[in-house]
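Listed below are the residues making up each chain.
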Amino acid sequence: MGEDMLAVEKLKEAFGGDIIQVTECAGQVAVIVRRDRIVDILRFLHDDGELLFDHLADLTAVDWSGKKTPRFEVVYNLFSIRYKRYLRIKAQVPEEDPRIDSVTCIWKTANWLERECYDMFGIIFEGHPDLRRLIMPEDWQGHPLRKDYPLFLEEDQEWPVYQEVKKKARELAVYDWYPMLLEKEKAEEAAQAEAEAQEAGHGTNA
Amino acid sequence: MAPTLEIIKKQQTEDIWDEPYFVNMGPQHPATHGVLRLFLELNGETIVRCDPRIGYLHRGVEKLSEFRTYAQDMLLTDRLDYIASAANNVGYCLAVEKLMGLEVPRRAQILRVIACEMARIASHLLWLATHALDIGAMTVFLYCFRDREWLLDIFEMMCGARLTVSYPRIGGVRMDVTPEIIDELYKFTEEFPKRIPEYETLIDVNRIWLKRTKGIAVVSGQEAVNLGLTGPSLRGSGVPYDLRRSVPYLIYDELDFEVAVEFEGDVYARYRVRMKEMREANKIIRQCLDKLSGTEGEPVLAENAPDLLMPFGKIKRPQAAPHPKKGYVVRGVELPVVPEGEVYVATEVPKGELGFYIVSDGTGHPWRMRIRAPSFVHISAIPAMCEGQMVADLIAVIGSVDIVLGECDR
Amino acid sequence: MDAKTLYDAADHFLLKYTGLSLIKGLVLVVITLLHVAYATYAERKVIGRMQQRIGPNRVGPRGLLQPIADVLKLLTKEDITPDCVDRPVFMIAPFISLVAGATSLAVIPIWQNFVVANVNCALLVILALSSLSSFGVILAGWGSNSRYSFLGGLRASAQVISYEIAMALALVGVMMLAGSLNLIDIVKAQINSPFKMFAIPQIIGFFVFMVAAIAETNRTPFDLPEAESELVAGYFVEYSAMRFALFYLAEYFGMIVMSMVAVICFLGGWYGPFPIPGIPFFWFLVKLYFLIFFYIWVRATLPRYRYDQVMGLGWKILIPLALLNIVITGLIKVLA
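As given, the protein sequences belong to chains A, B and C, one line each in that order. Note that this note's numbering numbers the first sequence so that position 36 is 38, with each residue one more than the last. Note that this note's numbering numbers the second sequence so that position 166 is 207, with each residue one more than the last. Note that this note's numbering numbers the third sequence so that position 226 is 1701, with each residue one more than the last.
No wet-lab data here; the hints were simulated from the structure. Careful: at least some of the hints might be erroneous.
Stated by the list, open to error - Listed next, the in silico DSBU-like pairs over lysine-lysine satisfying Cα-Cα at most 35 angstroms (straight line):
1) C/K1791 - C/K1808
2) C/K1552 - A/K170
3) C/K1552 - C/K1520
4) C/K1552 - B/K252
5) B/K104 - A/K149
6) B/K317 - B/K332
7) B/K104 - A/K168
8) A/K69 - B/K235
9) A/K70 - B/K252
10) C/K1552 - A/K168
11) A/K149 - A/K69
12) A/K12 - A/K110
13) B/K332 - A/K86
14) C/K1671 - C/K1791
15) C/K1520 - C/K1548
16) B/K235 - B/K252
17) B/K235 - A/K70
Everything numeric in this text was worked out from a predicted model, so none of it was measured.
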């Protein structure tokens, strides 16, 4: 435990005013810092000879929608290969201005991790060389890992390309060797038309 | 995407070739190991720029896991790296156990190590098979599959599944092993070290193989760390970073094994590391089997382990989004509650460092489950490794970093 | 009157009046086609054995009808022509490849009395036609208007041009020893030579020729034009059905023709340790089958070279070796 706290002590020494909170959970230390100094703090941790957090194990974000006030937290899990220590740095990012500085200048691996974070949460990393969507298609609407993004989309909200593909698949079902899909659809259509006709009939009767 | 496609179309229809020569490799391509798509800008046969596009196997595991119970989420981890699913399960279970403060019985820990190392051998065998096939040696492919088949059969004996095993569970493993399985594993560990030289004689002394792999895509140790490479890909560059040694979990600190390290940093070095690792994994299984006999009859599941509550019958597709807290209501049964907190647990899976960062808000579902997938980071390193090389080397590079797209896209 | 004179008389008569050559050619093509079909079967079976699996065993006894089933399947498949292709070139490329590969058969003697056209510059004809077959490959690569095909076509042209030189130079030694370009004369010269075959005095030439022949027919480890892991299928990636099959046929025709040339120029042709009555070309076939087996064996064992390495091997090793071979042969010829 004492060794784990060394990094925190040194951080407090160097960036006393920028540290918001130090928490601990299951023996893992996390430091919440101010987001505008994130690059300096991480560079310090990366370069300092006694700490040497040279491995950016993970970079991600957490959406605390409805739980905490700065909605997003960008989480950096660092590991020092030489000293075999973990440290978690967190930076709070508010919803109305989801921006934070990119750490690609320290770790090249941050490039894709930040792109994914942007893709999934809509957090913009300032100074990133190539901030595009990574996993979702480029014309996707919304950021899926946000808590207000539904698990299932309604049919009319679906990705337009997917809608097109579905439409095409239905059209091309004529050429299928087993036109079950088509038959089923035809039956459904007929049933619907019938129902509509009946309804219309009721309407006139009434 | 659009401008490149336009250029390609222009080159195809109008025969105007003033732009660079783009090749779109994948997502359906025999050598990209899944649905990886690479945009290549070529100068003759040399790669000027390489831009990987991923997401073709994106199933939203991270999003999905927020709507399921912890025990159900474990089944999602099978589908990450489906070649070594047991190792993923163990990584996830360790993370949740750490969050819950659960103590795992010793016998279960030993069994988990066995499953992990079996998965490692199986994964490396598949890697060697496909890597050799990419470079053109097709006989190695079937030799490797012969032995991998044996391992999968043992998995089947252990838990009934061959690929997505779900053998470990939160708090232990699903069931104990029978004496037949132990006999079979003894037989395997006896026989397998003799099989490795068979592959090596086919490719290791082959001049063409050496020409294709030596000195290709050299990455220095420092650069490899900076690029985020882990696992055998990093150890091929001379960095002895193995989580089984650096941050021992399960019973790895009691076991006697070597961390395989090579210093050249090229495709060949990474190949050598994996060959060594297979031998070491075999040794580990052997030691675990010996330890297993000392824990005969002990439980393999912790008493307060959460149950896997599966709803009976079919789940209807919900029309609206499920309630963020309750998710699917499982027949009124109370879900096991995981205390509030967050944890990052990384384990050494065959591909590299697999990390689970789980944030719990004190309910039965994770508030956020982040999967740090080695393949994802490795693919992001491919452009840095292959630019300036030839197209054929790209294939060797993709093979040498060992990617699986199920894990990359999640 | 013995059989041979009778045959010669009939040959003379028929050649003059009904064109026996046509029948001969037909017989030869049919036999070679059968060989091609069963070479694919043999390849699958032999490689299967080498890889500890069984190979085709479903169609007919021991899978013997598999090649026929394959042909029927390919004939009935849809012949797809993609939108962007250069249509005439795309259509004709497989035929050029196949015809160029198969025409070489005309000048190859299976037996001293069985050759369709006994021309005096047979070796030159073969060299010319084998390089012409790569013309079809290049056209296919260009005409498909696809990225992979184009790269495959480029690779094929570069590779075939460089290995053509090595192969021709390797055959120069044989020409010098035999003093003729006529293949029948070359075989006869081998019988009169002390070792009964040129493979022993021309060991360097034989090695260079075999390597160059593998490269010429685009087979592993030199199958770069169709490297499946990089270029998917290379030059014929856009082809389907019978046109695709024609490329396959061309490859196997090339393999068989190259093996035949090797048998004739280096292994003593149809002469064997003892004559087999009734089948005069028995030894020719035995040697041919052995060489085809060699091709398959190589394919099962070796990985694929990289493009620049193939070029390096051709220009830096094989061509100098072949030149050295010519010098040595010349010295022997002068001294002896």
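Hint check results:
Restraint check for C/K1791 and C/K1808: the C-alpha separation of about 26 angstroms stays at or below 35 angstroms, so the hint holds. Of the supplied pair hints, the one linking C/K1552 and A/K170 holds, its CA atoms being roughly 24 angstroms apart against a limit of 35 angstroms. With a C-alpha separation of about 25 angstroms, the suggested pairing of C/K1552 with C/K1520 holds against the 35 angstroms cut-off. Between the alpha carbons of C/K1552 and B/K252 the distance comes to roughly 40 angstroms, so the proposed pair goes past 35 angstroms and is violated.
A C-alpha spacing of about 9 angstroms is found between B/K104 and A/K149, which places the hinted pair at or below 35 angstroms, so the restraint holds. A threshold of 35 angstroms between alpha carbons decides the hint, and for B/K317 with B/K332 the separation of about 23 angstroms falls inside it, so the pair holds. Under the criterion of a C-alpha separation no larger than 35 angstroms, the hint pairing B/K104 with A/K168 is consistent with the structure, at around 24 angstroms. This hinted pair does not check out: A/K69 and B/K235 have alpha carbons roughly 58 angstroms apart, beyond 35 angstroms.
The straight-line distance between the Cα atoms of A/K70 and B/K252 is roughly 57 angstroms, outside the 35 angstroms bound, and the hint therefore fails. Taking the CA atoms of C/K1552 and A/K168, the gap is about 27 angstroms. The hint holds against a cut of 35 angstroms. Of the supplied pair hints, the one linking A/K149 and A/K69 holds, its CA atoms being roughly 11 angstroms apart against a limit of 35 angstroms. A distance of roughly 25 angstroms separates the Cα atoms of A/K12 and A/K110; the hinted pair therefore holds under the 35 angstroms criterion.
Restraint check: the Cα-Cα separation between B/K332 and A/K86 comes to about 28 angstroms, which is no more than 35 angstroms; the hinted pair holds. Using a Cα cut-off of 35 angstroms, the hinted pair C/K1671 and C/K1791 holds, with the two alpha carbons roughly 31 angstroms apart. This hinted pair checks out: C/K1520 and C/K1548 have alpha carbons roughly 19 angstroms apart, not beyond 35 angstroms. Of the supplied pair hints, the one linking B/K235 and B/K252 holds, its CA atoms being roughly 26 angstroms apart against a limit of 35 angstroms.
As the CA atoms of B/K235 and A/K70 are separated by approximately 58 angstroms, the hinted pair breaks the 35 angstroms bound.
Hint compliance for this structure: hints 4, 8, 9 and 17 are not met, and every other hint is.
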